[in-house]
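Enquirer: Chains as they are written, first to last, in our numbering: chain A, 1 to 404; chain B, 1 to 404.
For the record, the hints were derived by calculation from the structure and aren't laboratory data. Keep in mind that the hints are not guaranteed to be accurate.
It does not matter which identical chain is meant; a pair holds if it fits inside one copy or across any two.
Stated by the list, open to error - With a cut-off of at most 27 Å between alpha-carbon atoms, the simulated DSSO-like pairs for lysine-lysine come out as follows:
| id | residue 1 | residue 2 |
| --- | --- | --- |
| 1 | Lys307 | Lys58 |
| 2 | Lys266 | Lys22 |
| 3 | Lys58 | Lys304 |
| 4 | Lys266 | Lys23 |
| 5 | Lys266 | Lys10 |
| 6 | Lys311 | Lys196 |
| 7 | Lys208 | Lys151 |
Protein chains: 2
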Amino acid sequence: MLQLNDNYQKLPGSYLFSTIAKKVAAYTSAHPDKTIIRMGIGDVTQPIAPAIIEAMHKAVEEMSVAESFHGYAPDLGYEFLRNAIVEHDYKARGCDISMDEIFVSDGAKCDSGNIQELFAPEARIAVCDPVYPVYVDSNVMAGRCGTYDEKTGMWSRVIYMPCIMENGFVPEFPGETPDVIYLCLPNNPTGTTITKAQLQEWVDYANKNGALIIYDAAYEAYISEGNVAHSIYECTGAKTCAIELKSFSKNAGFTGVRLGYTVIPKALVFGGVSLNAMWARRHGTKYNGAPYIVQRAGEAVYSKEGKAQLKEQVAYYMKNASLIHDGLKNAGYTVFGGVNAPYIWLKTPKHMTSWDFFDYLLTEANVVGTPGEGFGPSGQGYFRLTAFGTQENTVAALDRIRQL
Amino acid sequence: MLQLNDNYQKLPGSYLFSTIAKKVAAYTSAHPDKTIIRMGIGDVTQPIAPAIIEAMHKAVEEMSVAESFHGYAPDLGYEFLRNAIVEHDYKARGCDISMDEIFVSDGAKCDSGNIQELFAPEARIAVCDPVYPVYVDSNVMAGRCGTYDEKTGMWSRVIYMPCIMENGFVPEFPGETPDVIYLCLPNNPTGTTITKAQLQEWVDYANKNGALIIYDAAYEAYISEGNVAHSIYECTGAKTCAIELKSFSKNAGFTGVRLGYTVIPKALVFGGVSLNAMWARRHGTKYNGAPYIVQRAGEAVYSKEGKAQLKEQVAYYMKNASLIHDGLKNAGYTVFGGVNAPYIWLKTPKHMTSWDFFDYLLTEANVVGTPGEGFGPSGQGYFRLTAFGTQENTVAALDRIRQL
Numbered sequence: 001m002l003q004l005n006d007n008y009q010k011l012p013g014s015y016l017f018s019t020i021a022k023k024v025a026a027y028t029s030a031h032p033d034k035t036i037i038r039m040g041i042g043d044v045t046q047p048i049a050p051a052i053i054e055a056m057h058k059a060v061e062e063m064s065v066a067e068s069f070h071g072y073a074p075d076l077g078y079e080f081l082r083n084a085i086v087e088h089d090y091k092a093r094g095c096d097i098s099m100d101e102i103f104v105s106d107g108a109k110c111d112s113g114n115i116q117e118l119f120a121p122e123a124r125i126a127v128c129d130p131v132y133p134v135y136v137d138s139n140v141m142a143g144r145c146g147t148y149d150e151k152t153g154m155w156s157r158v159i160y161m162p163c164i165m166e167n168g169f170v171p172e173f174p175g176e177t178p179d180v181i182y183l184c185l186p187n188n189p190t191g192t193t194i195t196k197a198q199l200q201e202w203v204d205y206a207n208k209n210g211a212l213i214i215y216d217a218a219y220e221a222y223i224s225e226g227n228v229a230h231s232i233y234e235c236t237g238a239k240t241c242a243i244e245l246k247s248f249s250k251n252a253g254f255t256g257v258r259l260g261y262t263v264i265p266k267a268l269v270f271g272g273v274s275l276n277a278m279w280a281r282r283h284g285t286k287y288n289g290a291p292y293i294v295q296r297a298g299e300a301v302y303s304k305e306g307k308a309q310l311k312e313q314v315a316y317y318m319k320n321a322s323l324i325h326d327g328l329k330n331a332g333y334t335v336f337g338g339v340n341a342p343y344i345w346l347k348t349p350k351h352m353t354s355w356d357f358f359d360y361l362l363t364e365a366n367v368v369g370t371p372g373e374g375f376g377p378s379g380q381g382y383f384r385l386t387a388f389g390t391q392e393n394t395v396a397a398l399d400r401i402r403q404l
Numbered sequence: 001m002l003q004l005n006d007n008y009q010k011l012p013g014s015y016l017f018s019t020i021a022k023k024v025a026a027y028t029s030a031h032p033d034k035t036i037i038r039m040g041i042g043d044v045t046q047p048i049a050p051a052i053i054e055a056m057h058k059a060v061e062e063m064s065v066a067e068s069f070h071g072y073a074p075d076l077g078y079e080f081l082r083n084a085i086v087e088h089d090y091k092a093r094g095c096d097i098s099m100d101e102i103f104v105s106d107g108a109k110c111d112s113g114n115i116q117e118l119f120a121p122e123a124r125i126a127v128c129d130p131v132y133p134v135y136v137d138s139n140v141m142a143g144r145c146g147t148y149d150e151k152t153g154m155w156s157r158v159i160y161m162p163c164i165m166e167n168g169f170v171p172e173f174p175g176e177t178p179d180v181i182y183l184c185l186p187n188n189p190t191g192t193t194i195t196k197a198q199l200q201e202w203v204d205y206a207n208k209n210g211a212l213i214i215y216d217a218a219y220e221a222y223i224s225e226g227n228v229a230h231s232i233y234e235c236t237g238a239k240t241c242a243i244e245l246k247s248f249s250k251n252a253g254f255t256g257v258r259l260g261y262t263v264i265p266k267a268l269v270f271g272g273v274s275l276n277a278m279w280a281r282r283h284g285t286k287y288n289g290a291p292y293i294v295q296r297a298g299e300a301v302y303s304k305e306g307k308a309q310l311k312e313q314v315a316y317y318m319k320n321a322s323l324i325h326d327g328l329k330n331a332g333y334t335v336f337g338g339v340n341a342p343y344i345w346l347k348t349p350k351h352m353t354s355w356d357f358f359d360y361l362l363t364e365a366n367v368v369g370t371p372g373e374g375f376g377p378s379g380q381g382y383f384r385l386t387a388f389g390t391q392e393n394t395v396a397a398l399d400r401i402r403q404l
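So that you can see chain A by itself, here it is in the shape it has in the complex (with noise of 0.2 Å):
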């Protein structure tokens, strides 16, 4: 009889989010007159920017006739989009990226959840603690997290970097030494960072060891301060050890568009075979490009329009990031975030476990946030709230929330 893959039971409970959206739903089918407001998932709220929604509408146009018609696309993503992405994500901030380095996607959960199959079962992960959970969660499907334990919360073979309050959230070098590391940068959930001289030394440190560094820029459009790096080609020797990840989801509102990439230096050789080989064969055999419409749309982010309405967009986000972190400040709370990342971390109050203060400002306030302990162990005793709401959502939970 077919024997499955018995690492998808060692997962604890389901996908964060999906646990999340089940409480909502039961609360809101047992409190049908209360509004919910979320400040949940890192979902979106503004609507795809008027350049961008005419660059599809001709895209969609273009599929109507034959000698327009687009079928397949390119194995890496359209020449147009990929020379966009290299012009004005790297060339730009000078960073020598070129377009056979770039591999456009459906967005970066796939890349982040796919990019593991490119390593032995045998690789040691180390991650921040907190962060996103797909970067434990893929490689615990594949088999390479070892034991969980419920007590702790942690896997045996997964090396966690504590970011909390005490060490201001900046990620130390681990003890033992890990083969790949996830660096979510600015992070989700805690919307805190590094700057670009601490990641020099986490790109030193990894090429030193031999370590490949996966780093997940999906919220660079975020930041804010001038000395944080963009992109981690900023740093010098990162060719040779990194790995990264874009999304236009949160730059651009594509959460519902889908389309991201990622970027594979050639240089990046380990044991002599080449990852941007690997990746182009993955991409080559089980993926078949991101939709044309998708990818025109993904162009219009990068026009002289596009850019201009999507600064005004970050902008709109980064006043609710302003407006929660201030009005909870005042408010009593420890608060940490939403100067370069559109998410604010808080300590829940009276040593609440973050489930708790999950239920508590789900049922007392109706508004909807994100457990801490969901992104990993370290994160148990804080809470994440995400700017990405309307404006009018934003200052009335804050007032909810100011009233309990």
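Given the coordinates of chain A, work out where chain B should sit on it, guided by the hints.
Expert: Positioned in the frame of chain A, the structure of chain B alone reads:
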């Protein structure tokens, strides 16, 4: 130092269609004056049907306004699409499939490649030979296929079920019992299929042996004969042994739009574990849904207008299939397929190898087809032509081939 997944290094050469693309590019750059007719990769040429274009414009417009903007899609896909699928693809055929057994994705290629993640590393897979290369390649990447023998073109742990002229292209029960049986019916590349009664025998075989069938029904829309099943769930007992993969690429021309779905019945349980629950977990962890615009496009495929327009599109391609089939037959070739699928499978003349015939056709007729051996060792001495070209090109290609 990081060790990589060494299974990738076992893969011989690059992905079939990438190799073809490179050969064609080399030829055209050396002979810029020649006009190539492409009948190689199964890419469509007809534009997207008007009803679908209209639905996409409408969805793009919705995304431009906050009130109708759509962010992250539900994990399994929007209900409007899953409901249309259930009604039109299953209930209408008497198959009892429910909405929570449908998983919407960005295409059957991803699902074909990813589905093997659910199986134990030691699971033995069986494939029709020849067949779509993704089934074997994705299992090779996961280390499930043993070693490759360059002479035979076979993997030591893969169970091959030859589908050749001598057995009428009908797979026979293998000597060794497989854990997973991949069936692509109507078959890519042979363009042949089996009757519903023959499929029922496979369902019975799988249930008896505790095996799982992965049923790839990508070409279902091209079935013209009444005794052929459109879904494996038309067979008794299929819900306890079969997963069905469906694509919108060929029935609706979505190769560049990207949409597919996978059916995993809740009754599909191995060793007490639900494959539906496992896939739901994978979807939630490593995937973020097909674009809203594309899911609305998929819904329009099932509208009254959409169905009528796509019926014409399928008829257009099947006219080509019939032209190629009859034209080659009259020219003295031995040909198969083209009745329930848009593929023509021919014996290469004069005992040429598949790749020799590829080069011959490319250089002498400037026609691109696909070498049979690219689909598996039993494809040696065969060649695939697709009916997805324009009628004009199809007729022109036939003229060129006849003049050889």
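Enquirer: Should Lys307 paired with Lys58 be assigned to within, between, both, or neither, using CA atoms and 27 Å as the limit?
Expert: Cα proximity of Lys307 and Lys58: in one copy and across copies (18 Å, 24 Å).
Enquirer: Please work out whether the CA atoms of Lys58 and Lys304 approach to 27 Å or closer within one copy, between two copies, in both situations, or in neither?
Expert: both (17 Å within a copy, 25 Å between copies)
Enquirer: First find the shortest C-alpha distance between Lys208 and Lys151 inside one copy, then the shortest across copies, and answer within, between, both or neither for a cut-off of 27 Å.
Expert: The answer is neither: 35 Å in one copy and 42 Å across copies each exceed 27 Å.
Enquirer: State whether the alpha carbon distance between Lys266 and Lys23 is at most 27 Å within one copy, between copies, both, or neither.
Expert: For Lys266 and Lys23, only the inter-copy Cα distance (23 Å) is at most 27 Å; the intra-copy one is 45 Å.
Enquirer: At most 27 Å between C-alpha atoms: does Lys311 with Lys196 qualify within a copy, between copies, both, or neither?
Expert: Within one copy, since 22 Å is at most 27 Å while 58 Å is not.
Enquirer: Between Lys266 and Lys22, at a C-alpha cutoff of 27 Å, which is it: within one copy, between copies, both, or neither?
Expert: between (43 Å within a copy, 20 Å between copies)
Enquirer: With 27 Å as the alpha-carbon cut-off, assign the pair Lys266 and Lys10 to within, between, both or neither.
Expert: Between copies only: 21 Å across chains, 36 Å inside a chain, cut-off 27 Å.
Violated hint: 7 only; the structure is consistent with all others.
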